[in-house]
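Protein chains: 2
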Amino acid sequence: MISVEQHLSRIMGTVKVIRPFELGVLDAQGCVLAEDITARGSLPGFTNSAMDGYAVHAADVASATPEDPVVLPVVNDIAAGNTHALSLAQGQTMRIMTGAPMPRGADAVVPVEATDGGVVRVQVRQRSVVGQHVREAGEDVEAGDVVLRRGTLLGPGQIALLAAAGIARLKVVPRPRVVVLSTGDELVQVGLTPGFGQIVDSNSVMISAAVTAVGATPFRVGGVKDDARELMDTLEGQLVRADAIITTGGVSMGAFDTVKEVLSRVGTVQFDKVAMRPGMPQGFGLLGDEQVPVFTLPGNPVSALVSFHVFVAPALRAMAGRPEPSYPPGYVPAVASEPFTSVPGKMEFLRVVLDGDSARLAGGQGSHMLGALAAADALAVIPEDVTSVQAGDAIECLPLLGREGL
Amino acid sequence: MISVEQHLSRIMGTVKVIRPFELGVLDAQGCVLAEDITARGSLPGFTNSAMDGYAVHAADVASATPEDPVVLPVVNDIAAGNTHALSLAQGQTMRIMTGAPMPRGADAVVPVEATDGGVVRVQVRQRSVVGQHVREAGEDVEAGDVVLRRGTLLGPGQIALLAAAGIARLKVVPRPRVVVLSTGDELVQVGLTPGFGQIVDSNSVMISAAVTAVGATPFRVGGVKDDARELMDTLEGQLVRADAIITTGGVSMGAFDTVKEVLSRVGTVQFDKVAMRPGMPQGFGLLGDEQVPVFTLPGNPVSALVSFHVFVAPALRAMAGRPEPSYPPGYVPAVASEPFTSVPGKMEFLRVVLDGDSARLAGGQGSHMLGALAAADALAVIPEDVTSVQAGDAIECLPLLGREGL
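Protein chains in written order, with this note's numbering: chain A, 17 to 422; chain B, 17 to 422.
Just so you know, these hints were derived from the structure itself, not from any lab.
Just so it is clear, the structure is predicted and the values come from calculations on it, not from any experiment.
The beta-carbon is built from N, C-alpha and C at its ideal position, and this holds for glycine as well.
Just to be clear, a hint being listed does not mean it is correct.
As the list claims (entries may be wrong) - Distance ranges between label pairs, derived from CB positions:
{"id": "1", "chain 1": "A", "residue 1": "Asp132", "chain 2": "B", "residue 2": "Arg281", "range": "46 to 54 Å"}
{"id": "2", "chain 1": "A", "residue 1": "Ala75", "chain 2": "B", "residue 2": "Phe212", "range": "19 to 27 Å"}
{"id": "3", "chain 1": "A", "residue 1": "Glu277", "chain 2": "B", "residue 2": "Asp373", "range": "32 to 40 Å"}
{"id": "4", "chain 1": "B", "residue 1": "Gly211", "chain 2": "A", "residue 2": "Asp43", "range": "49 to 57 Å"}
Claimed, not checked - Here are some chain B residues pointing at chain A (derived, C-beta under 10 Å):
{"id": "5", "residue": "Ser25"}
{"id": "6", "residue": "Gly57"}
{"id": "7", "residue": "Met67"}
{"id": "8", "residue": "Pro89"}
{"id": "9", "residue": "Val91"}
{"id": "10", "residue": "Asn92"}
{"id": "11", "residue": "Gly160"}
{"id": "12", "residue": "Gly167"}
{"id": "13", "residue": "Thr209"}
{"id": "14", "residue": "Val227"}
{"id": "15", "residue": "Asp273"}
{"id": "16", "residue": "Leu321"}
{"id": "17", "residue": "Arg376"}
{"id": "18", "residue": "Leu377"}
{"id": "19", "residue": "Gly380"}
{"id": "20", "residue": "His384"}
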């Protein structure tokens, strides 16, 4: 029996960041940069107005007050998108819009609110200083600057900066492609009615959804029979497109545990009992020429989803180039609102409903109980050496993926 | 000038939950249920074994101990997926795997670990009680039970429960389809090099990414010229597929603010100055026969993204049927690590970098400054009546979408 921490350490010490791939900037959302990015152009690319108003020589309006406005002739209008370089003579002004290029010679913008808004002649009612309401070319970003560093997660603001700085394609760590495969003669496809002794293959659906929720791309293979040949052929066929493979089922103490039987013979997959409940039988290793990580999760649905959160999610995040999480990753503090019991010597993951930071059991805690799982917001994590938790005790919880507001 | 709260209240009081739509269970991830769901079958669907072991009559092994085991003949093997109903006579046992149907007459399972693992005769070394390691049909869910309520957000566990309970299609609130449209003669498409006076249309890219990050589906229309006819035609053409429309640009005090010009004449769109920085000029209303909500955001990229977080994201969540967030929604506490200043009478949204809960300014705070925006993790929200924050003061932050680990 190994500890949760030992099994996770082995996984995190084995998985590698996926080979970078060039993507268009529009497709890179949620990916991590695999290179430093240098701006092709400056931002702003040209000196422009920060306000709707009037471009002036600041010296011309130095004496302007509401009582004693300065009157200037308006000699032109400059809209955003005006691509002509204009010049402003002293003693004149041009109407200018936000984002429009400043005319040569002008060194300040008087906001329209500080004028009478005239279009032929304008009364300027406020003094201005050099540079006021002017955005200088390059004041945000200079061409040649490194604008984003390798390792940056690309969200809306980062993608906007890349697009604005002239970057159309870039090297990122792609989203992991994850083959999800459930095993068992008892499985029938979603939508079919199971007969006596059969169950719907809900595991591949659930784990695929969890893969999506963690930001990776699932390929669901559905139920594979408990047949060594069929399983091996399926695995070999899927290896070409997989950055990782997740199986559920077939790893326990049974006489027909095909995953364990097949994978014990190939690759580096190692099967362990892990001191946790649910989720004790776990396997992990590398498969094929490309050394694809394979996670073999137990077949009970609650065990499978707990295992995904505890072992697979951190591994997929690391493969996607996210900064390695501290251990334990992503835990949030909570308070038990009722007593919990836990087996000694195992880390227990109880399904709980959170009401603010108050945690209560979500119902039946059997590892086959989907009803309670679906009612839960989080897993309460009870350490190996704790066997009972009292109402009011501080506990740690691992939020369930896909249950928080997007 | 209206307050942020007034503008948000008007928006939240106007938008409606999108009309429910029937989806396959595999496509419903991230959606909210629009109906109560009743289980078609029970879970488990048949009484089955919770362990790999031996099905027994508990009475037969009542005296078993390690020193004085009970020996039983093994008359059959029952694998998961066995679809035959078997019967177990007293004084006999069958090997049984996890998930396999219990034979009639058997009332307990002895785990393989409590035996010698025999396949012809087995030594049982531990007593068992009725029901031990047996999962009763319907103990998780009974056919006809309401398993999930209208309003539930569907994550991996919920989808697994639906699939297992025989639900293939279900009514959900679909993800909002959001048309994203940026306006301005100065815009060039991403990937093209802007000339003098031009900029790359990074706003439509950024806002589309933000729409995705909030769980909705963007349709990016890119740059529309500052031409009333073109804008109106584009809007009318897009209305058919839009649950909402977001525009950027053209809503300020300028002489060529086409969005304001066009939308002031149709629908119920109302333009306001909102007491916030950045993001003062805001518009919102309903457009077309279908009363599609239209958000007209300012064109400065920082203003646009701040406005999205403050006004659009809560509205899209409400349209998707998520429980209405409290106001202010989604704020997290932090501590200023340096002094901040803020204009009086406006709610200020400063771009900050978070290091744990310690917040420092992300750089230049101009509303055109994408560099600082892209360096930021969150917006520090400084209320209208606060003009200075000291190092060590508690503040509230709105995390930027798409910057947290998926």
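Among the hints numbered above, which are violated by the structure, and what are their numbers in rising order? 1, 3, 4, 5, 8, 9, 10, 11, 12, 17 and 18
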